[in-house]
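Take a look at the letters that make up each chain.
2 protein chains.
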Amino acid sequence: MIDPSEVLAGDRRALARLLTQVENGTEAAGQALAALFPHTGRARRVGITGPPGSGKSSLVNELAKRLLHGEGTERAPATVAIVAVDPSSPFTGGAILGDRIRMRDLAGDPGIFIRSMASRGTLGGLARTTADVVNVLDAAGYDVILIETVGAGQSEVDIARAAHTTVVVEAPGLGDDVQAIKAGLLEVADILVVNKADQPGAEAARRALQASLDLAHPAARRWANADGAHAGRGHEPVMVEAEAPDEMWIPPIVSTVAVKGEGFEALLEALDRHRTHLETSGELGRRERERLAHELEARLRDYLLADLRDRVGPKALASTLERVAARQQDPGSAARELVSTIYQRSLEP
Amino acid sequence: MIDPSEVLAGDRRALARLLTQVENGTEAAGQALAALFPHTGRARRVGITGPPGSGKSSLVNELAKRLLHGEGTERAPATVAIVAVDPSSPFTGGAILGDRIRMRDLAGDPGIFIRSMASRGTLGGLARTTADVVNVLDAAGYDVILIETVGAGQSEVDIARAAHTTVVVEAPGLGDDVQAIKAGLLEVADILVVNKADQPGAEAARRALQASLDLAHPAARRWANADGAHAGRGHEPVMVEAEAPDEMWIPPIVSTVAVKGEGFEALLEALDRHRTHLETSGELGRRERERLAHELEARLRDYLLADLRDRVGPKALASTLERVAARQQDPGSAARELVSTIYQRSLEP
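For the record, the sequence lines run as chains A and B.
Per numbering that gives the first Met the number 0, the first sequence starts with residue 0, numbered consecutively.
Per numbering that gives the first Met the number 0, the second sequence starts with residue 0, numbered consecutively.
Just so you know, these hints were derived from the structure itself, not from any lab.
Among the hints, erroneous ones may be present.
Identical copies go unnamed one by one, so any copy, or any two together, can satisfy a pair.
Distance condition first, Cα-Cα at most 25 Å in a straight line; then the derived DMTMM-like pairs of lysine to aspartate or glutamate [said to hold, decoys possible]:
(1) Lys259 / Asp301
(2) Lys314 / Glu296
(3) Lys314 / Asp301
(4) Lys259 / Asp306
(5) Lys64 / Asp301
All values reported here derive from a predicted model rather than from experimental measurement.
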């Protein structure tokens, strides 16, 4: 049994139990999600993604610590939930190791909650479950939810949809094909980070990112040039302070050395600036609406299919599949026929 | 207008036009797919995936050439279609460059057809479109269809479902996190390839793959050991000739140097052996059935949602989304309510 009020009251064990139910897609989880839904919408949702080897986990760790303790006197301390998602591990639990390393550092702090998820089952399933997990953590009252994804494919782009702000992390020396990966993630990035900025090739990585950015946001070139003089002056992390005109957001490039804790003041500033941009431009409302529309559509798809299964029964489904397997009917016509069947039935007495 | 008979007759321009329609999801494409469906089921579908930098494209190129010309006197020449899918590039056309390089080498040969696809739009969309594209190429009469995917995430696993045989390509020197990537792809691999086998670290990569394989298939250890003595003897590509008992398939590890054309006799042999295994064990029928069941389900989901949209109309959908955005109703309950509406309506006169 899950009592949503325990989760709302901040009971960590009840929260962990509910998340397990959510991951297993139980009916109880569905009821709890419905009950918790009115309490969602308050948390800041930040997605952090990038290729393996970019040092995302260290970055997320350090970011969580800074958020938790507040930075100096300027920022209020915040409670933080971390959701670490590994879409590249559909069968084994690849996310576990990162979790263990993190545990040593952050676990035990009552202001931090960590959950690792590995993909199981079908495409789309992980993005859906991640959205549900984030909703539960939102209702549970965490101020900031960091959604960390490993890898750089379509799955990551979809998982990023659960976030208000998406941070894409790169690092020098990840091989020749890094450019290709960047190409896919650049358009979902609100903030770009060059981590391991004290290593050889960091400046080249930064320049490559800037070049890609210039292609994606032609206006960025003009604003970034003002700052261009800073870039390349040794290893000191600097942030492009390009002021974009009006309500246009051009992703800033932030340099960090996560393991040394360098560059995080700039990263936190970029996050705050993006939050302000989201609020003043009306983009936050638009993104929330889009996210909820996606969620509604996903539920509709699942519910419609389950409903059809119940109505036509396993026999009719099996014989349809039989016809398709024998190449007597194509899948499209078979689907249309099945759907028309259920409406005919609902008209029968 | 698309005339499916032109595609069946081997008209390459008609084929290219139809594939564009399929990618754009037009109604004409749906009709053509239905008409072509009875002609599918003959081609050998081989999926080739692995991390960026593993040299997949060179490998696919070389493999296509060998298949096209037949190998010596033993293999009959085969026509080959290549579908290059880049799920990491949802917005820009990342697949294009690889295509151009390939063109120089293979294009102009009437026995080869090449199609590049980049992800556009939603999760699941690319896997669906790839399945349709492969079906068209199957109906068009290509003997072998090579489905190449860049990256190593859930998307690749799903795209692999369109193939009968899945080849996972690794290479030495792709960084520390390669292990994690392997973990996710190992379970879908029918054949493992260590490409760039003449480079430092190839033996270590091979050993790492073998170790992961031992974990996944405990029985593999015994059979691989017989061959273990071969491994590590210089750079000459060798194939583990582990004979598994009865009908059990243990993925062999093949070493190749794609740019030098080394190791391809072993790779072709492994592909043939797997094909024979699929046929004699009944696994081919099982995989085909599973694939078609997935296809039917995907069509049902799309069709049910489109049908619901038509029945309830845009106004009802918008007001439902309004309630969800205002947190007055959770997405799950909203979906159930919408679905119950359509059945009530269908009962009205």
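Numbers of unmet hints, in rising order: Checked against the structure, the hints that fail are numbers 1, 4 and 5, while the rest are satisfied.
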